[in-house]
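K.L.:
Hey, can you work out the whole structure from these sequences and the hints?
Here the protein sequences line up with chains D and W, keeping their order. According to my numbering, the first sequence is numbered sequentially starting from 37. According to my numbering, the second sequence is numbered sequentially starting from 7.
Watch out, some of these pointers could steer you wrong.
[What the hints assert, rightly or not] Residues of chain D clear of chain W, computed beta-carbon distances all greater than 12 Å:
#1 A89
#2 H108
#3 Q116
#4 L141
#5 N144
#6 D151
#7 E154
#8 L160
#9 L176
#10 Q183
#11 K186
#12 G196
#13 M198
[What the hints assert, rightly or not] Quick list of in silico lysine-lysine cross-link-like pairs, DSBU-like style, CA-CA up to 30 Å:
#14 D:K94 <-> D:K143
#15 W:K139 <-> W:K68
#16 W:K155 <-> D:K182
#17 W:K51 <-> D:K186
#18 W:K51 <-> W:K68
#19 D:K121 <-> W:K51
#20 D:K94 <-> D:K186
#21 D:K121 <-> D:K94
#22 D:K182 <-> W:K139
#23 D:K182 <-> W:K164
#24 W:K139 <-> W:K164
#25 W:K68 <-> D:K126
#26 W:K155 <-> D:K186
Quick caveat, the hints were computed from the structure, so don't treat them as lab data. In this text, a Cβ means the ideal position worked out from N, Cα and C, and glycines have one as well.
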Amino acid sequence: MGDVAEGAAETLVDPGEEICRLCFSALIPVFRSEGYPNQIDPDTGLLRLEELAWDDVKTRGFSVQRRQLYSHAEAVAEAQSRDSKKSQQKGCDVRYQLAGVLIALVKNISAIVADDGEPVFRVLATPLKDLPGHAEIRVLGHITTKQFLKYRPNLRDALGSMRVPEAIDA
Amino acid sequence: MYGDACRTNGSWDASGWLENEPGGENWDSVKEGETFLQPSASYSKRSSFIGDLRSKASQALKSQDEFISAPTEQAIQSAQVFINRLPEGCLVFRMALSQSGEINFFHGNDDDLFQILIDAEGTVSYYGVVDGKEVGDSNLPPENLPYTKLLSFVDRNK
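P.N.:
And the structure:
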């Protein structure tokens, strides 16, 4: 995505803020034979559970953008950048484009608590040089893979249904 | 009969079929016009799932970039062990790769799921609710998964 902004410290995003996660579509499957980049389950209208990966929330960070520091234009530019890279990689026009966006209140993600009453997920502000609103959803350190599986549907529900990309600016 | 044995042991042995294939130890004794035993439906299903897994992994490998990782060989091997050890009654599931290369198996429906996740190291984690009790564990070798619990989950949902 980009380099971490110099001197940036990881801090929690304010619970009252909203974060957004971009969803993409393409003319041809660019990853799986089916199901990607169609990241939304047509039966539920929600993110497919496999899109919430353990390695992302544990190690890499599940990338989102703080809505107040992000724009629809930036999202479109991101999709264009990916389209260019993917079309070059695949050797054909994959028509990678922005399909929509998931928007969630940070406090709804923090409200997912384990049996001990402690939050399962947290949203960290992780600004990048070219993306000051970049943030990451991560599990707290003591959460096991089993617990992640238990609460993964709750995180999916907190992210909600996909909205039109223009909703980022609304 | 065979299905019962399979459920008890929690595994399935394909070696009997393989011996009769070209190059197998029984191949020379196969006479022209002889009636062959047909592979069971569960053998075909398992083969189909493993073929699908390999196909998805291959496609992911070709698509790797800063956002996408293909499943590791350890993950694929574990998934194959998992598929081959599934009781016969548990062969209806959804299999999906994560962008980070994890292999997911979903039994049941969205309201009542039994999830299995295989990570890059090939270890298996699972979670579900069986007979009102939560069952789950993290980072097991695929051989140690409690397949009987999964079978109980599937049987209860029939």
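K.L.:
Under the constraints set out in the numbered hints, which ones does this structure not fulfil?
P.N.:
Failing hints, ascending: 1, 6, 10, 11, 15 and 19.
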